[in-house]
Amino acid sequence: MAEPEAQLLRAVGLIEKDTNGDALWVWCYPSVTAELRTLLLRKCCLTDENKLLHTFVFGQYKRSWFYITTVEVQDSPALKKVTHFSIVLMAKDFNPEKYAAFTRILCRIYLKHGSPVKMMESYIAVLTKGICQSEENGSFLSKDFDARKAYLAGSIKDIVSQFGMETVILYTALMLKKRIVVYHPRIEAIQEFTRTLPALVWHRQDWSILHSYVHLNEEELEALKACTGYIAGFTDSEVSSRSDLYDVYVNLADSEITVSPVVKEAMTMGKLHKEIGQLIVQSAEDPDKSDSQVIKDISLKTKEILATLASLTEISDGNEKPTLNAEALKQKRFPPATENFLFHLAAAEQMLKI
Amino acid sequence: MEEVDKILIHSLRQAGTAVPPEVQSVRDLTPELVVEAAVRCLRAVRPALGAPLSPLLPPGISARFRLASDLAAACQELGFGGDVGYQTFLYSSEHDTRRLLLFLVEKLPRDEGERGAETPGTDLEEGSGKSGALLRAIGARIREQLGTPWVPPVCRTPRLQRLQTPPALLETHAAQLSARHDWEAEWGGPGLASRLPPQEYLERKRLRARLRALEPLRQACPPHPQGPTPGPPLDPAWLQEAFGAGGAGGALPKGSRFTRTQHLTHQQDPQVLLQQMQAAAETLQPPKGPEEDPGSRQASEEAALEETLARLEAEIEGCRGEIRAAQLSLTQAEAEVRQCRGALGGREDALRVKARAVELLPDAQNNMAKLQLVVESSSRRIVSLAGQWERHRGPLLAEYRQLRALRDSAQVAELEALPRDVSRAVYTQRILEIVGNIRKQKEEIGKILEDTRALQKEINALVGKLERTFSVTDELLFKDAKRDEVVRKAYKYLAALHENCAQLIRTIEDTGTIQREIRDLEEQIEGETSAKLPASLERILSDCRALREENALLAARARHA
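Protein sequence lines, in the order shown, are assigned to chains A and B.
The numbering of the first sequence is this note's numbering, which starts it at 28 and goes up by one.
The numbering of the second sequence is this note's numbering, which starts it at 32 and goes up by one.
Mixed in with the good hints, there may be bad ones.
Unchecked claim - Lysine to aspartate or glutamate pairs mimicking DMTMM-like chemistry, simulated, CA-CA at most 20 Å apart:
| id | chain 1 | residue 1 | chain 2 | residue 2 |
| --- | --- | --- | --- | --- |
| 1 | A | K291 | B | E353 |
| 2 | A | K119 | B | E379 |
| 3 | A | K89 | B | E367 |
| 4 | A | K145 | B | E421 |
| 5 | A | K107 | B | D439 |
| 6 | A | K139 | B | E474 |
| 7 | A | K145 | B | E407 |
| 8 | A | K323 | A | E302 |
Said to hold, decoys possible - Cβ-to-Cβ under 10 Å is the rule here; a few derived chain B residues that face chain A:
| id | residue |
| --- | --- |
| 9 | A164 |
| 10 | R355 |
| 11 | P426 |
| 12 | A429 |
| 13 | Y431 |
Unchecked claim - Output of the computed footprint for chain A on chain B, the stretches with three or more beta carbons under 8 Å from beta carbons of chain A:
| id | segment |
| --- | --- |
| 14 | 359-366 |
| 15 | 434-447 |
If you're looking for bench data, these hints aren't it; they were derived computationally from the structure.
Virtual Cβ for every residue (Gly too), placed ideally from N, Cα, C.
Using the sequences and the hints given, assemble the complete structure.
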């Protein structure tokens with residue numbers, strides 16, 4: 028599904044920090060709304076007082092992905108009054124590697140020439156042809172960066188080695204489309220962790236639930252609350268007190284997972300979950316298996332469960348999609364935790380009769 | 032002293048008094064400035080006291096006098112220990128003015144003085160840090176909840192219940208309080224009179240209420256021997272009449288309460304109640320046969336009620352399950368709606384693109400070549416436009432940055448221009464030095480006092496010794512004085528010696544006393560001369576003359592009017 032680049036790239040912008048200490052939006056193309064500008068100023072680390080430079084951050088806001096690369100300026104004849112700058116890219120798809128490479132090229136161009144006009148040329152080239160020349164005698168080809176590769180780039184084995192059997196809680200939460208909040212003081216750790224989580228539900232291949240960098244700001248939280256299920260990453264520890272924002276809270280720094288009491292009933296675990304957990308752990312601990320193979324194993328198990336669910340559905344008149352037959356589910360006499368899980372899963376997969 | 036004055040004047044300036052820059056010490060303050068400073072400080076310390084007083088000294092003498100005395104009274108109310116009257120403001124001495132102003136400046140609230148001197152975290156109301164944030168969050172939450180309109184408990188959804196915590200708290204509290212009140216009232220009256228322990232009393236009451244509830248049913252129900260005619264007794268209308276409005280249907284002395292509760296409850300309740308009563312009546316009837324045994328009747332009543340209870344519980348479980356399923360369906364439906372909307376947006380865009388493509392499809396090759404050209408030319412145009420924009424943007428940005436840099440440097444210069452002598456380190460150093468000096472002086476004073484005490488002791492001892500010696504010598508000589516002429520002369524010489532020495536000592540003591548008095552008087556003279564009496568006297572005399580003239584004027588006006 029190779030969408031033409033023109034439909035994916037939305038905007039490019041430039042934020043500079045100068046010798047006066049101000050962080051300003053100095054240039055953008057085609058245009059960035061004022062709301063987005065405030066948001067992106069918050070996300071890029073130049074407004075922070077603690078001066079921690081994050082080379083590359085990405086996140087999502089209202090179905091649009093932003094990628095920010097920040098660079099410190101040292102002895103550039105073209106940029107005299109600028110100490111740091113960030114290049115911001117807005118796109119519709121999730122592909123951190125591609126946009127990291129692209130923004131790095133743009134950064135180098137800007138460092139060398141000091142004028143956004145050269146950046147524009149490369150941007151337009153990628154927009155129209157999908158290719159641009161980089162400064163080091165190479166070229167950037169956007170077709171080198173496939174979406175699937177981006178989905179598979181994270182390391183599921185690291186997640187399983189950190190959480191062990193508790194990974195099945197994350198799996199259940201994702202399957203039932205619950206709200207997961209992840210906290211860690213460093214944004215890079217959050218990004219690494221959260222980008223891999225949607226791979227646990229590979230059959231959906233839906234990375235739009237990922238909001239890897241959220242601040243405790245009213246507008247961002249409103250936008251977040253509008254989604255049913257999401258994975259949200261916060262660097263602010265106060266999020267642990269906001270129980271209205273999450274069903275599952277992951278403290279990545281302390282490797283702790285907490286389930287909110289509101290969803291405890293829906294997420295009760297039984298024999299089925301234990302099986303799944305054991306499968307995940309075993310598969311991840313196998314040194315011969317690569318990350319993508321682990322994901323494949325998990326997705327096979329998921330397919331099994333979905334097949335079970337499908338066997339209990341029927342095409343009743345009036346609905347185009349198969350809907351769950353509650354009687355058939357009861358007749359199977361699954362253990363109560365499994366039955367509960369299947370019922371909620373049917374709701375998540377939109378198989379309930381309305 | 033100069034530094035003290037400088038700090039004082041600086042604080043007065045911060046409090047809002049317009050002290051001209053050439054005024055460097057308290058000596059140079061005019062009465063107008065003193066009054067203005069005092070009024071502004073008073074307003075800052077206690078607005079209620081300072082509001083009626085005007086900071087401007089009026090020209091009329093009587094008005095001035097009035098203002099000054101009001102100001103003096105206000106200062107005394109604040110707690111100024113020293114002597115303050117109208118003269119402190121109008122004919123002030125440097126020492127008194129300084130004392131008063133220091134007292135007022137000390138009383139000023141902290142943030143009127145040095146803003147930077149606030150220590151963080153000590154002020155609970157505006158605390159920074161987590162406790163402050165928590166308190167503020169609590170305050171905001173409660174304010175928000177108090178903002179939502181109050182809904183009676185019966186009409187609340189669970190969400191509303193959660194939001195209405197303050198009213199809910201008040202309600203549960205009130206309910207608890209009224210329940211306790213009722214129980215106390217009841218127990219205090221009929222409860223104690225029945226002379227039963229509380230549990231038994233409650234049991235009796237419950238039994239009585241039950242019997243009362245079933246009484247009309249039993250009465251209105253026709254005696255069973257008449258035959259198995261289940262129709263009329265189970266007639267809902269008859270049942271309603273039995274428990275009819277106004278309690279007329281039965282021998283219920285307090286039937287009105289029952290019917291009142293019946294009216295107040297939900298519309299469905301009468302139906303449920305009727306069903307229950309129906310079921311109770313049904314089970315009531317068969318035992319009402321030939322046996323007419325009250326015991327078995329009660330047992331069967333109980334069984335019937337328990338059956339209905341179990342059925343109702345099962346129904347509630349079923350409803351709960353249905354609610355859960357409904358909620359899940361709701362979330363599913365919402366998710367579907369959202370998904371469809373998103374897909375719709377995407378599909379509309381795709382449709383537009385494909386429509387254009389279809390239009391251009393017939394002459395594919397040419398159109399593709401044309402499109403390529405169009406794309407290239409528009410990219411070139413965009414890049415050139417960007418270049419033009421850059422030509423405008425670059426200088427504007429540079430200018431903006433320059434101005435910001437200028438403004439920052441101006442601010443820095445301003446900061447440096449602030450009086451340098453208001454530096455704290457020097458003052459703390461000085462204060463510590465002064466404290467050291469005072470300590471040393473205290474030690475010296477202590478030593479001197481010890482010496483003085485030792486001397487006094489010595490003097491006392493010597494005086495005592497002298498007295499004893501003299502009396503012994505006196506006796507001795509007196510004994511021999513009658514016989515011997517020489518001894519008599521010696522005795523006379525002894526007495527004279529003693530007298531003269533005593534006089535010497537007295538003179539020395541007087542000298543010391545007079546010297547002390549001289550010192551005191553000198554101090555007084557110094558104080559009085561620094562009070563600038565002649566100048567004040569002149570001012571007072573001139574004011575007195577002006578006051579007399581004003582009085583004459585007013586008297587003349589009064590006479591003519």
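Against the structure, the hints:
1. K291(A) x E353(B): holds, 19 Å
2. K119(A) x E379(B): holds, 16 Å
3. K89(A) x E367(B): Answer holds: K89(A) to E367(B) is near 18 Å, not above 20 Å.
4. K145(A) x E421(B): This hinted pair holds, its Cα atoms lying about 11 Å apart.
5. K107(A) x D439(B): holds, 18 Å
6. K139(A) x E474(B): violated, 76 Å
7. K145(A) x E407(B): holds, 16 Å
8. K323(A) x E302(A): With Cα atoms ~16 Å apart, K323(A) and E302(A) stay inside 20 Å; holds.
9. A164: holds, 8 Å
10. R355: holds, 9 Å
11. P426: Constraint on P426(B) not satisfied, violated at 13 Å.
12. A429: This hint holds: A429(B) lies near chain A, its Cβ roughly 7 Å from the closest one there, short of 10 Å.
13. Y431: It holds, given that the least Cβ distance between Y431(B) and chain A is near 8 Å, below 10 Å.
14. 359-366: holds (count 7)
15. 434-447: holds (count 3)
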